[in-house]
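We have chain A already, so just place chain B on it with the hints.
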Amino acid sequence: MDILANFAMSWLDPWLLLLTAAGTFAGIYIGAIPGLSVTMAVSILISFTFAWPVNDALALIAGIFMGGVYGGSRTAILLNIPGAPSAIATAIEGYPMAKRGEAGEAIGLTTVMSVFGGFVGIAALALFAPVISDFAIMFQSRDYLLLGLIGILLVGTLSGESFAKGAFAGALGVLIGMVGLDPMTAEGRFTFGSITLMGGVPYVAAMIGFFGVAEALVQLHSLDLPAIRQKIDRIIPRFSSVKRYFWLAMRASGIGTIIGALPGTGGDIAALLAYDHAKRSTKNPEVPFGEGAREGLVAPEAANNAAVGGAFIPMLTLGIPGDAVTAVIIGALFIHGLKPGPLMLVETPHLFWFTVGNLVLANIFLLIFGLTGIKVFTKIVQCPKAILIPLIIVLSAVGTYAIQNNPVHIYWMLGFGVLGYFMKTYGFEVGPVILGVILGPMMDSNYRRAMIAAQDDIGVFLMDFTRHPISAVLAILFLTMLLSQTPIWRKLRQAIQARSRINQP
Amino acid sequence: MSGKPTRRPGERAFAVALLAFSLVAFWQAFDISGFQGLSTAGMFPMLASGTMVVASALFTAKALAGPGGTGALSTRLAHFQAAILPYRHVLMIALILAYVLLMPWLGFVVASALFLFASIQLLWRRKPLITLAVTVLALVVIHFIFRVVFQVVLPQGDLLRGMF
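If you read the sequences in order, they're chains A and B.
When the first sequence is numbered by our numbering, its final residue is 505 and no position is left out of the sequence of numbers.
When the second sequence is numbered by our numbering, its final residue is 164 and no position is left out of the sequence of numbers.
Just chain A, same shape as in the assembly (with noise of 0.2 Å):
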């Protein structure tokens, strides 16, 4: 009964249904608009939210959320620029069919498979996160400070151009994360006797100057991108075709949940999955696939809104991102008190089963959102860059102020948006940042209680991890996510090729 209550609670509060709808609206148009990505989104909104009751911040994130990961499949359709990376598959197949004057349709499938797939991670959420939590409290230091390695490990490894540039990325995080006074002997660590630093590092001010400023000064590259209009006729999807389609998107959801829930890959790598599942299972498709499949536009989109309740499983019950964006609401959270892991089950059960109801509400409010009001779409993603990127640079600025009212938060913010534009620029990816400013302290900690558990010897450390089943496959994990990085495993894999190509003449 406390359990519907929960859930119920936005459903029945005006004024969470609101924010719940506006989060939607806003997510869906800042997703689809080039340029503004969910992260950047969420890193600005949760700022504002500081002050709030947590409630409403929960509603209005998870909303922008939901939104927002649809979002990008708008423009990828109309003007071929995926709004958000998770919507690049969704481009290779919905502008062509865009160019042969069916974006109405196009635009109507994505939005009824993205609700489909948005159910089903949800229902996943609903249904694991509770097992998962029960199971988590078993779980011992070293083995958090396993999951926040791996996390990390597979963020840097799937994003960017080498691993090097990856576990960089992951490192300096860390280390921001670092800065000030150290939580378990209140030494200081990268102070420099001042005490601005002994507070640490501002992340909010980190996550808006990489994902805000470094991203607009990206952006102004390319300042002039031609507007193309596409005729848009009927957009609800007639029933046969949404008939059709509906077992390959709840596959493609399946795998969309599989892959938002582990620690590091989010909407992204779930749409590239499910592309290629649809690829693959699609004997013969009606269109060719690269000429406006429909298999190729349903598969990712599908996966990708799965992934969003996937990502919610390691967050609310391990404490672990499972993206750049659920690292940010685990900030958001943080500041809100609360400490997401599988003790936020037990304590504040209410907590998780009120962001289950918003996750559906929003949903739902995708549906709405999705099917209609396009014109006054096609307009407003028209909007100039040069424009919008002042616009963004203030609402960043904003934003890092609001957090503490503290300037010096904004200087933070640009020193970190000049730092990420190079690093973007030369080929890092910012995401690992800030996943290592996250999960840093945690690690850090996790990694001292265990260490002296271990009473400070290296040995004894080492073979604690092989003394519990949960330690032993997290540690095989890693270990072999790592040496999956070295020169040694590519040889290794060509050797198994090579015997296999003769053993098949």
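Wrong hints could be hidden among the right ones.
As the list claims (entries may be wrong) - Under the rule of at most 25 Å between Cα atoms (straight-line distance), these lysine to any residue pairs were calculated in the SDA-like manner: (1) B:Lys62 with A:Leu419; (2) A:Lys491 with B:Leu58; (3) B:Lys62 with A:Gly427; (4) A:Lys379 with B:Gln121; (5) B:Lys62 with B:Arg12; (6) A:Lys424 with B:Ala98; (7) A:Lys375 with B:Ala138; (8) B:Lys62 with A:Glu161; (9) A:Lys99 with A:Pro285.
Derived from the structure by calculation, the hints contain no laboratory data.
Model, not experiment: these values are computed from the prediction.
This is chain B only, laid out in the frame that chain A set:
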């Protein structure tokens, strides 16, 4: 990020700078508690900065291994400037810097108005009157949403205290 990455102008210098930064960070991390024990405050910072040193050594080596830039230093600098830091970027960063430095002094409304007008004029290049209209409209919307609806405290400014 697709296809084979080619070396961008300035990549070597950036890689070397990051390597140098990592080394300094490692030295600073060592300074926290040295090698007194494995669970000291300095251990994890040393692990993190150590990872940075190894990783940056790897990509620096890769960047230095390729064929070097040709031509005189001045042409190479010009190349870097055109590709990585065009005047538009330099001006924009300068404007943002001026904006964040002036904000505590002028207050949010005045500083933002000046910044928006200058930067939109720089990037959009329309008639000043149109830019002014866009600036005012944007400021009214931002002020309404954040000050009135979200109730965010915006910087007031020492110079014009109490006016905005």
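Cross-check of the supplied hints:
| no. | hint | in the structure |
| --- | --- | --- |
| 1 | B:Lys62 with A:Leu419 | holds, 21 Å |
| 2 | A:Lys491 with B:Leu58 | holds, 19 Å |
| 3 | B:Lys62 with A:Gly427 | holds, 13 Å |
| 4 | A:Lys379 with B:Gln121 | holds, 22 Å |
| 5 | B:Lys62 with B:Arg12 | holds, 9 Å |
| 6 | A:Lys424 with B:Ala98 | holds, 24 Å |
| 7 | A:Lys375 with B:Ala138 | holds, 22 Å |
| 8 | B:Lys62 with A:Glu161 | holds, 12 Å |
| 9 | A:Lys99 with A:Pro285 | holds, 19 Å |
The structure shown violates none of the earlier numbered hints.
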